Amino acid sequence: MYKILKAEKLAEKIFLMDVEAPRVAKHCEPGQFIIVKMDEKGERIPLTICDYDRKAGTITIVFQIVGASTEKMSHLEAGDAFSDFVGPLGCPSELIHEDIEELKKQKIVFIAGGVGTAPVYPQVKWLHEHGVDVDVIVGAKNKDLILLEDEMKAVAGNLYITTDDGSYVRKGMGTDVLKDLYAQGKKYDKCIAIGPLIMMKFVCLLTKELGIPTVVSMNPIMVDGTGMCGACRLQVGDEIKFACVDGPEFDGHLVDFDQAMKRQQTYKTEEGRAMLAALEGDTHHGGCGNCN
Amino acid sequence: MDVMKKVPVREQAPDVRNKNFDEVCLGYNAEEAQEEATRCLNCKNARCVQGCPVSINIPEFIHNVKEGNFEEAYKVIGKSSALPAVCGRVCPQETQCEGQCIRGIKGEAVSIGKLERFVADWARENNVAPEMPTEKKGKKVAVIGSGPSGLTCAGDLAKMGYEVTIFEALHEPGGVLVYGIPEFRLPKKTVVASEVENVKKLGVKIETNVVIGKSMTIDQLLNEEGFDAVFIGSGAGLPRFMGIPGENANEVFSANEYLTRSNLMKAFREDYDTPIAKFKKVAVVGGGNVAMDAARTALRLGAEVHIVYRRSEEELPARAEEVHHAKEEGIIFDLLTNPTEVLTDEKGNVTGIKCVKMELGEPDASGRRKPVEIPGSEFVMDLDAVIMSLGTSPNPLISSTTKGLEINKRKCIVAEEENGQTSKEAVYAGGDAVTGAATVILAMGAGKAAAKGIDEYLSSK
Numbered sequence: 001m002y003k004i005l006k007a008e009k010l011a012e013k014i015f016l017m018d019v020e021a022p023r024v025a026k027h028c029e030p031g032q033f034i035i036v037k038m039d040e041k042g043e044r045i046p047l048t049i050c051d052y053d054r055k056a057g058t059i060t061i062v063f064q065i066v067g068a069s070t071e072k073m074s075h076l077e078a079g080d081a082f083s084d085f086v087g088p089l090g091c092p093s094e095l096i097h098e099d100i101e102e103l104k105k106q107k108i109v110f111i112a113g114g115v116g117t118a119p120v121y122p123q124v125k126w127l128h129e130h131g132v133d134v135d136v137i138v139g140a141k142n143k144d145l146i147l148l149e150d151e152m153k154a155v156a157g158n159l160y161i162t163t164d165d166g167s168y169v170r171k172g173m174g175t176d177v178l179k180d181l182y183a184q185g186k187k188y189d190k191c192i193a194i195g196p197l198i199m200m201k202f203v204c205l206l207t208k209e210l211g212i213p214t215v216v217s218m219n220p221i222m223v224d225g226t227g228m229c230g231a232c233r234l235q236v237g238d239e240i241k242f243a244c245v246d247g248p249e250f251d252g253h254l255v256d257f258d259q260a261m262k263r264q265q266t267y268k269t270e271e272g273r274a275m276l277a278a279l280e281g282d283t284h285h286g287g288c289g290n291c292n
Numbered sequence: 293m294d295v296m297k298k299v300p301v302r303e304q305a306p307d308v309r310n311k312n313f314d315e316v317c318l319g320y321n322a323e324e325a326q327e328e329a330t331r332c333l334n335c336k337n338a339r340c341v342q343g344c345p346v347s348i349n350i351p352e353f354i355h356n357v358k359e360g361n362f363e364e365a366y367k368v369i370g371k372s373s374a375l376p377a378v379c380g381r382v383c384p385q386e387t388q389c390e391g392q393c394i395r396g397i398k399g400e401a402v403s404i405g406k407l408e409r410f411v412a413d414w415a416r417e418n419n420v421a422p423e424m425p426t427e428k429k430g431k432k433v434a435v436i437g438s439g440p441s442g443l444t445c446a447g448d449l450a451k452m453g454y455e456v457t458i459f460e461a462l463h464e465p466g467g468v469l470v471y472g473i474p475e476f477r478l479p480k481k482t483v484v485a486s487e488v489e490n491v492k493k494l495g496v497k498i499e500t501n502v503v504i505g506k507s508m509t510i511d512q513l514l515n516e517e518g519f520d521a522v523f524i525g526s527g528a529g530l531p532r533f534m535g536i537p538g539e540n541a542n543e544v545f546s547a548n549e550y551l552t553r554s555n556l557m558k559a560f561r562e563d564y565d566t567p568i569a570k571f572k573k574v575a576v577v578g579g580g581n582v583a584m585d586a587a588r589t590a591l592r593l594g595a596e597v598h599i600v601y602r603r604s605e606e607e608l609p610a611r612a613e614e615v616h617h618a619k620e621e622g623i624i625f626d627l628l629t630n631p632t633e634v635l636t637d638e639k640g641n642v643t644g645i646k647c648v649k650m651e652l653g654e655p656d657a658s659g660r661r662k663p664v665e666i667p668g669s670e671f672v673m674d675l676d677a678v679i680m681s682l683g684t685s686p687n688p689l690i691s692s693t694t695k696g697l698e699i700n701k702r703k704c705i706v707a708e709e710e711n712g713q714t715s716k717e718a719v720y721a722g723g724d725a726v727t728g729a730a731t732v733i734l735a736m737g738a739g740k741a742a743a744k745g746i747d748e749y750l751s752s753k
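Chains as they are written, first to last, in this note's numbering: chain A, 1 to 292; chain B, 293 to 753.
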């Protein structure tokens, strides 16, 4: 069993947990993910590692309620435990393999959408700890859904926040911020975008136009997370890739987002979509895959 | 009784069992087993033993069954096999022990598999446990993977007195026995879980949720975690796809995904959270045992199921018994047929497959006649799901993270057949990780050979 040491509500339907998993904490790197299973009858849910403490042997995860399992998970409290917690899975972010001095010379921008802020955080933190300060654009539906603002401010070079409805800082999408920065004469050598598929798709369309190499972190349906089933397969350029072992990060300009969005709907019924939209209200980010 | 024929085994009726996930074959009772045992001629140089990859003393255990000494029979099997309740059920006996049986020349071979199964089931029901190790070697061995090869290797090493820990990537031990082979062929709670329990009773520790190659490397096991040797029994779990257009459509599954959802995650049960979609008409592409398992699972979930296979019935790689069961249950076989494209609607949902008819040409390198397309024979099969069962290959997760571990061009780990030794010191391997997808019993044989190899290596150190 894997004990939950901290359970905190970050925003409407968004939760953070610190979980005791010493083996995972000892070996994980930014960009990797875990799979959690609540109890005997539970399903296996992939979640990006948002932070880790090697000494304490803990992993931080952040999740959003998108269905029955995550809803059930949100009721767990500190002192409860998950029956299974496996990882680290996937490949670490490419950034950590690059030469630090080379990275320092580059201009890097992260674009985080909604709950995607959580997986962006450990990468920005890692870079900051290695002396590389990067720009971060955080976009959310509204003010209440801005996550980890203070934590991010502490490790980012420049932090730009935007809300879809203009309820905080400015109105617009992350892509609007990037466009404005370019209009002001900023240039970036690299972009890393993490968030809902539709958001990553539009970031990639823009960065292709602007000529910025872009990495995205994909979140397809997964079962085992170790490469044995292909549920998470994606078309990347001419190749079929398994996100769980080949990714989750890929060259965003090569990913077939339209296919990925279709595949995400596999287990969604019309009724389920309607229910999700009703349940999620303002936080409905198209997790149902029906928003294009 | 007719001594030329096997005592028939009781089975669920086809039109009943094709709607449930309970075991198809009900097995022998004591009376039936004893009667079948009288058919054994108790040969001096028994050919059946040579046909068994782990050389169980078959005449001796069958003699004990005949006499009603079931506990003694269990001990005889236990000397050679760690998973008799499993092997009695899933071994392809017709090409192994039973294929060699003298009785089989004029009539039907002795039903060795069903007798082994009876003995193992009887031992479980009567709480007969395997014998405990007495010696302590004071050395630690790590076993990667808890499938048939890992369980066998771990059990044998524990019996020799080693301290063994199995590392398993999934949340439940058993490998293909829990995620691949369905409940209706191999019950999970009664049969697999209790065989795993028997291995634990020997003192073997099992750590689930550890992915070697990600959570830890082999070098770390040897250098940081204090293991004296490692056995890799990680199997061949990487699914193959055809590479045809439309294959990434929503309702195209690998057999591994489909079976993992159903078997490991119990998606066929309403009280479990993992979903599995229910379909009206499904094609399973491929002709092996995995294809039969996937087809019979889809059938039980309410679909009309077609096996689409590019060769003819004669070349079907699946066991004869499985093909027979599948047909009895109502699976439709579309032989000499090959899919060329998956067709979808605008939402990306499967509407059918485009197929071409095949004929058999000259034998290829494997000796099987090569299927050749018949020009102009294209047709469309309307479907709402496709399950790809084209075979699997070893997952590169371990080989790519272990320095000095040699692999061949099929990504299989190179290891000596007689003792499992790899190109890296203190590292042994066996089962599908070495051979590519094969059988449960061959994996067990390899696990056994490696345990002996590891013992020899550590004894000489």
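Quick caveat, the hints were computed from the structure, so don't treat them as lab data. Heads up, a few of these hints could be off.
Said to hold, decoys possible - With a cut-off of at most 35 Å between alpha-carbon atoms, the simulated DSBU-like pairs for lysine-lysine come out as follows:
| id | chain 1 | residue 1 | chain 2 | residue 2 |
| --- | --- | --- | --- | --- |
| 1 | B | 431 | A | 3 |
| 2 | B | 432 | A | 41 |
| 3 | B | 744 | A | 41 |
| 4 | A | 3 | B | 481 |
| 5 | B | 695 | A | 55 |
| 6 | A | 262 | B | 311 |
| 7 | B | 695 | A | 104 |
| 8 | A | 55 | B | 573 |
| 9 | B | 492 | A | 6 |
| 10 | A | 6 | B | 703 |
| 11 | B | 480 | A | 72 |
| 12 | A | 55 | B | 570 |
| 13 | A | 41 | B | 695 |
| 14 | A | 3 | B | 311 |
| 15 | B | 639 | A | 41 |
| 16 | A | 241 | B | 493 |
| 17 | B | 480 | A | 26 |
| 18 | B | 572 | A | 3 |
| 19 | B | 493 | A | 41 |
| 20 | A | 262 | B | 703 |
| 21 | B | 432 | A | 3 |
| 22 | B | 481 | A | 55 |
| 23 | A | 190 | B | 695 |
| 24 | A | 72 | B | 432 |
| 25 | B | 311 | A | 201 |
| 26 | A | 41 | B | 572 |
| 27 | A | 179 | B | 662 |
| 28 | B | 573 | A | 208 |
| 29 | B | 639 | A | 26 |
Said to hold, decoys possible - Here are some chain B residues the structure puts well away from chain A; computed CB gaps all over 10 Å:
| id | residue |
| --- | --- |
| 30 | 300 |
| 31 | 399 |
| 32 | 503 |
| 33 | 507 |
| 34 | 535 |
| 35 | 539 |
| 36 | 549 |
| 37 | 565 |
| 38 | 622 |
| 39 | 627 |
| 40 | 673 |
The model shown is predicted, which means the values in this text are computed figures rather than measured ones. Positions of the beta carbon are idealized from the N, C-alpha and C atoms, including for glycine.
Now the hints, each set against the structure:
Pair hint residue 431(B) plus residue 3(A) holds up; C-alpha atoms about 31 Å apart against a cutoff of 35 Å. As the CA atoms of residue 432(B) and residue 41(A) are separated by approximately 34 Å, the hinted pair is consistent with the 35 Å bound. Distance restraint check for residue 744(B) and residue 41(A): the Cα-Cα separation of roughly 39 Å exceeds the 35 Å cut-off, and the hinted pair is therefore not satisfied. Between the alpha carbons of residue 3(A) and residue 481(B) the distance comes to roughly 26 Å, so the proposed pair stays at or under 35 Å and holds.
Of the supplied pair hints, the one linking residue 695(B) and residue 55(A) holds, its CA atoms being roughly 28 Å apart against a limit of 35 Å. For the suggested pair residue 262(A) and residue 311(B), the alpha carbons sit about 31 Å apart, so the restraint of at most 35 Å is met. Restraint check for residue 695(B) and residue 104(A): satisfied, since their Cα atoms lie roughly 31 Å apart, inside the 35 Å limit. For a cut-off of 35 Å, the pair hint linking residue 55(A) to residue 573(B) is broken: about 53 Å separates their Cα positions.
Among the hinted pairs, residue 492(B) with residue 6(A) is consistent with the structure: their alpha-carbon atoms are about 34 Å apart, no more than 35 Å. Taken as a hint, the residue 6(A) and residue 703(B) pair is broken in the structure, with Cα atoms around 43 Å apart against an allowance of 35 Å. The hinted pair formed by residue 480(B) and residue 72(A) meets the criterion: a straight-line CA distance of about 27 Å does not exceed 35 Å. Note on residue 55(A) and residue 570(B): the hinted pairing is violated, with a Cα-Cα distance of about 47 Å set against a maximum of 35 Å.
In summary, the hint linking residue 41(A) to residue 695(B) is not supported, as the alpha carbons are separated by about 39 Å, beyond the 35 Å threshold. Our distance criterion of 35 Å between C-alpha atoms is broken by residue 3(A) and residue 311(B), whose separation comes to about 40 Å. Distance check on the hinted pair: residue 639(B) and residue 41(A) sit about 31 Å apart at the alpha-carbon level, within 35 Å; holds. With a C-alpha separation of about 41 Å, the suggested pairing of residue 241(A) with residue 493(B) is violated against the 35 Å cut-off.
For the proposed pair residue 480(B) and residue 26(A), the alpha carbon gap of about 33 Å is at most 35 Å, so the pair holds. A hinted pair counts as satisfied when its Cα atoms are at most 35 Å apart, and residue 572(B) with residue 3(A) does not qualify at roughly 43 Å. At roughly 26 Å between alpha-carbon atoms, residue 493(B) and residue 41(A) fall within 35 Å of each other, so this suggested pair holds. Taken as a hint, the residue 262(A) and residue 703(B) pair is honoured in the structure, with Cα atoms around 32 Å apart against an allowance of 35 Å.
Taking the CA atoms of residue 432(B) and residue 3(A), the gap is about 28 Å. The hint holds against a cut of 35 Å. Restraint check for residue 481(B) and residue 55(A): not satisfied, since their Cα atoms lie roughly 38 Å apart, outside the 35 Å limit. At roughly 32 Å between alpha-carbon atoms, residue 190(A) and residue 695(B) fall within 35 Å of each other, so this suggested pair holds. Distance check on the hinted pair: residue 72(A) and residue 432(B) sit about 41 Å apart at the alpha-carbon level, beyond 35 Å; violated.
At most 35 Å may separate the alpha-carbon atoms for a hinted pair to count; residue 311(B) and residue 201(A) exceed this at roughly 44 Å. Of the supplied pair hints, the one linking residue 41(A) and residue 572(B) holds, its CA atoms being roughly 26 Å apart against a limit of 35 Å. For the given pair, residue 179(A) sits about 58 Å from residue 662(B) by alpha-carbon distance, which is inconsistent with the 35 Å threshold. Only pairs whose Cα atoms come within 35 Å are accepted, and residue 573(B) paired with residue 208(A) is rejected, the gap being roughly 42 Å.
Note on residue 639(B) and residue 26(A): the hinted pairing is violated, with a Cα-Cα distance of about 43 Å set against a maximum of 35 Å. With 10 Å as the threshold on Cβ separation, the claim that residue 300(B) sits away from chain A holds: the shortest Cβ distance comes to roughly 38 Å. No Cβ of chain A comes within 10 Å of the Cβ of residue 399(B); the nearest lies about 43 Å off, and the non-interface call holds. With a cut of 10 Å on Cβ distances, residue 503(B) falls inside the contact zone with chain A, its closest approach being about 6 Å.
Chain A draws residue 507(B) into its interface by the beta-carbon criterion, the shortest separation being 5 Å against a cut-off of 10 Å. Distance check on residue 535(B): its Cβ comes as close as 8 Å (rounded) to a Cβ of chain A, failing to clear the 10 Å threshold; non-interface status is violated. With a least beta-carbon separation of about 8 Å from chain A, residue 539(B) fails to lie farther than 10 Å from that chain, contradicting its non-interface assignment. For residue 549(B), the requirement that its beta carbon stay farther than 10 Å from each beta carbon of chain A is not met, with the minimum near 4 Å.
Distance check on residue 565(B): its Cβ comes as close as 4 Å (rounded) to a Cβ of chain A, failing to clear the 10 Å threshold; non-interface status is violated. For residue 622(B), the non-interface assignment is confirmed: its Cβ lies about 26 Å from the closest Cβ of chain A, beyond the 10 Å cut-off. Residue placement check: residue 627(B) keeps its beta carbon more than 10 Å from all beta carbons of chain A (closest about 26 Å). Listed as a non-interface residue, residue 673(B) keeps its Cβ farther than 10 Å from every Cβ of chain A; the least gap is roughly 21 Å.
Hint violations for this structure: numbers 3, 8, 10, 12, 13, 14, 16, 18, 22, 24, 25, 27, 28, 29, 32, 33, 34, 35, 36, 37, all remaining hints satisfied.
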